[in-house]
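Asker: From first to last, the protein sequence lines are chains A and B.
So the first sequence is numbered by the numbering used here: it starts at 1 and just counts up by one.
So the second sequence is numbered by the numbering used here: it starts at 270 and just counts up by one.
What the hints contain is simulated information worked out from the structure, not anything from laboratory work.
Predicted model only: the values in this text are computed from it and were never measured.
Hints may contain errors.
Interface residues of chain A toward chain B, partial, derived using beta-carbon atoms under 7 Å [as the list claims (entries may be wrong)]:
| id | residue |
| --- | --- |
| 1 | R113 |
| 2 | L156 |
| 3 | D160 |
| 4 | N162 |
Derived Cβ-Cβ restraints for the label pairs, each shown as a range [unchecked claim]:
| id | chain 1 | residue 1 | chain 2 | residue 2 | range |
| --- | --- | --- | --- | --- | --- |
| 5 | A | L6 | B | D391 | 44 to 54 Å |
| 6 | B | S326 | A | S62 | 46 to 56 Å |
| 7 | B | E382 | A | H98 | 52 to 62 Å |
| 8 | B | G325 | A | L76 | 20 to 30 Å |
| 9 | B | Y282 | A | R172 | 13 to 23 Å |
| 10 | A | V266 | B | S349 | 13 to 23 Å |
| 11 | A | A263 | B | S326 | 51 to 61 Å |
| 12 | B | N334 | A | V266 | 21 to 31 Å |
| 13 | A | R265 | B | R444 | 44 to 54 Å |
| 14 | A | Q175 | B | S430 | 14 to 24 Å |
Beta carbons: idealized from backbone N, C-alpha and C, even for Gly.
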Amino acid sequence: MDNLSLLFEPFMVRALLGAGAASVLAAALGCFVVWRQMAYFGDSLAHSSMLGVALGAVFGFSVNLGLLGVAVVFALMLFAMQLRWRVEMDTLLGILAHGGLATALVLLAVWRRRIDLHAYLFGDILAVSWGEVVLIAAGAVFGLGVLAVLWRGLVLLTLDENLARLHGIKLRAHQLSFLVLMALAVALSVRVVGVLLITALLIIPAATARLAARSPEGMAVRSVMLAVSGVVFGLITSTTLNAPAGPSIVMVTAGQFFVGLAAVRVLGR
Amino acid sequence: MTLIDAKNITLCYDGKTILDDVSLKIGAADFLTIIGPNGAGKSTLLKVMMGLVRAGSGAVVRQKNLRIGYMPQGFRANPSMPISVARFLDLTGAGAGAGAGAESGTEFETLAELAQIESLLDKPLQALSGGERQRVLLAQALAAAPQLLILDEPAQNLDLSGQLAFYALLDAIHRDTKTSILMVSHDLHMVMASTRKVVCLYRHICCSGEPQMVARDPEFQRLFGDNMAEMMAVYHHQHDHTHSVPHGAHGEDA
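All chains should be modelled from the sequences, with the hints used to inform the complete structure.
Answerer: Structure representation (structure tokens):
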């Protein structure tokens with residue numbers, strides 16, 4: 001019972017709000033990541049955003065700003081490189097992901113910046129400040145608003161690009177906005193689960209939601225609800241077992257998926 | 270009245286010529302079929318005419334506010350997106366909820382009946398058979414009461430009876446609504462059996478005209494082989510005989 005009362009401690013309230021807000025955006029966007037098979041893209045964006053952390057630490061500006069900046073720049077680079085040089089997306093992602101992560105680690109070593117690497121790799125939501133919670137929430141609300149506006153266009157483009165364009169959907173504008181939204185979701189989620197686990201926040205709730213959903217919107221709503229409950233039960237698990245918060249949240253969402261899968265198999269849908 | 274007028278379209282991609290000085294015009298109540306081997310630039314030409322792909326040189330003039338209905342080639346339902354036929358039609362502006370008002374054209378029920386998809390509306394898009402999927406796409410294309418239907422291999426992957434049914438449906442739509450149709454087709458036996466105008470494309474327009482004439486054209490024979498050309502000529506010959514009496518009912522140039 002002591003563990004449950006921990007839920008109402010200020011640090012825990014901050015963690016719940018911060019992780020909840022970030023995971024709502026990630027889970028909604030995650031539907032597109034599942035539909036468009038962009039899991040590796042999310043991974044690459046997350047890994048390379050570590051460079052932002054390093055740049056922030058080395059040059060002494062806000063690490064959060066560095067994260068968002070590098071994620072957006074990488075998303076735009078991907079967009080441009082794919083258009084201009086027609087490099088294979090998969091290869092390009094591998095280069096950017098590992099190039100970024102490696103460069104970040106080298107930078108930190110050369111400039112002898114001692115940052116809590118672990119916190120950025122696996123998240124550190126229990127240490128989040130009120131200021132950061134407000135930033136995360138504002139970012140998530142903004143992201144969800146943009147996603148709502150673009151929703152029909154993005155779904156149509158996912159179904160068939162040519163058909164969507166004939167219906168007046170602007171291809172480039174939607175692609176570009178989507179990439180920036182992905183960058184935003186990644187930047188917001190680093191604090192929660194760390195760069196190594198962000199993809200889980202994107203795809204697992206969406207994949208679980210897919211099991212029971214009958215419409216794209218239904219899938220997004222279920223994905224968001226699953227993510228929020230994953231955060232709540234993940235943080236309870238974390239305090240109960242005295243385990244790190246980020247991995248606990250991801251473990252719970254993975255558990256949801258397998259329970260859902262079993263339920264669908266048993267009930268036969 | 271010309272709906273789309275494409276003049277001297279040339280398009281190169283990665284140093285390869287896809288379209289070479291192609292001119293094609295489609296007018297009101299036309300029914301035009303483009304045939305040609307794989308990689309002939311047929312789909313690209315359709316996209317250029319719709320304005321989805323920009324031509325390297327040449328000009329495309331579309332009638333102002335032209336309403337185009339389009340069936341893309343090889344549409345596959347996204348396997349991981351849960352979506353019903355009704356919701357798909359909603360999203361494309363064809364659904365029951367998407368304003369069946371005066372200007373958006375056809376009443377949804379009429380449309381569903383015309384394309385024979387009433388029983389499919391609650392089904393997941395992925396669960397449709399090939400023929401069902403094509404009828405749903407057709408309903409989607411017809412929703413905006415188009416002046417022009419652009420169909421990219423609409424009967425692809427249908428079995429023979431499915432093809433027959435689909436082309437009969439297209440014929441009926443063309444006859445009843447006077448909607449212009451511009452179609453790419455691989456179903457030579459269907460195309461050549463009709464009396465519609467055929468354009469044979471292989472990067473440039475090799476020949477065009479009535480199917481019989483096209484089948485006798487040396488370029489057509491070179492592209493599709495002598496056997497195919499012979500078969501077409503024979504097929505059409507027999508066809509002429511059996512159907513020569515009730516002709517004229519078609520009113521194609523009306």
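Asker: Using Cβ atoms only, decide whether A:N162 comes closer than 7 Å to chain B, and label the hint accordingly.
Answerer: holds, 5 Å
Asker: Starting from the range 21 to 31 Å, see whether the pair B:N334 and A:V266 falls in it by beta-carbon distance.
Answerer: violated, 55 Å
Asker: Checking hints one by one. Is A:L156 an interface residue toward chain B, by the C-beta closer than 7 Å rule?
Answerer: holds, 6 Å
Asker: Using the Cβ atoms, figure out if A:R265 sits within 44 to 54 Å of B:R444.
Answerer: holds, 50 Å
Asker: Mind checking the CB of A:D160 against every CB in chain B and telling me if the closest is under 7 Å?
Answerer: Holds, about 5 Å.
Asker: Is 44 to 54 Å a correct range for the gap between the Cβ atoms of A:L6 and B:D391?
Answerer: holds, 47 Å
Asker: Does the Cβ distance between B:Y282 and A:R172 fall inside 13 to 23 Å?
Answerer: holds, 18 Å
Asker: Please verify that hint: A:R113, Cβ, nearest Cβ of chain B, below 7 Å or not.
Answerer: violated, 41 Å
Asker: Does the beta carbon distance between B:G325 and A:L76 stay inside 20 to 30 Å, or does it fall outside?
Answerer: holds, 27 Å
Asker: Indicate whether the distance between the beta carbons of A:A263 and B:S326 respects the range 51 to 61 Å.
Answerer: Since the Cβ atoms of A:A263 and B:S326 sit about 59 Å apart, the hinted range of 51 to 61 Å holds.
Asker: Confirm or reject the claim that B:E382 and A:H98 have a C-beta distance inside 52 to 62 Å.
Answerer: Taking Cβ atoms as reference, B:E382 and A:H98 lie about 56 Å apart, which means the hint holds.
Asker: Could you say whether the range 13 to 23 Å given as a hint is met by the Cβ separation of A:V266 and B:S349?
Answerer: Distance hint for A:V266, B:S349 holds at roughly 22 Å.
Violated hints, listed in ascending order, are 1, 12, 14; each of the other numbered hints is respected by the structure.
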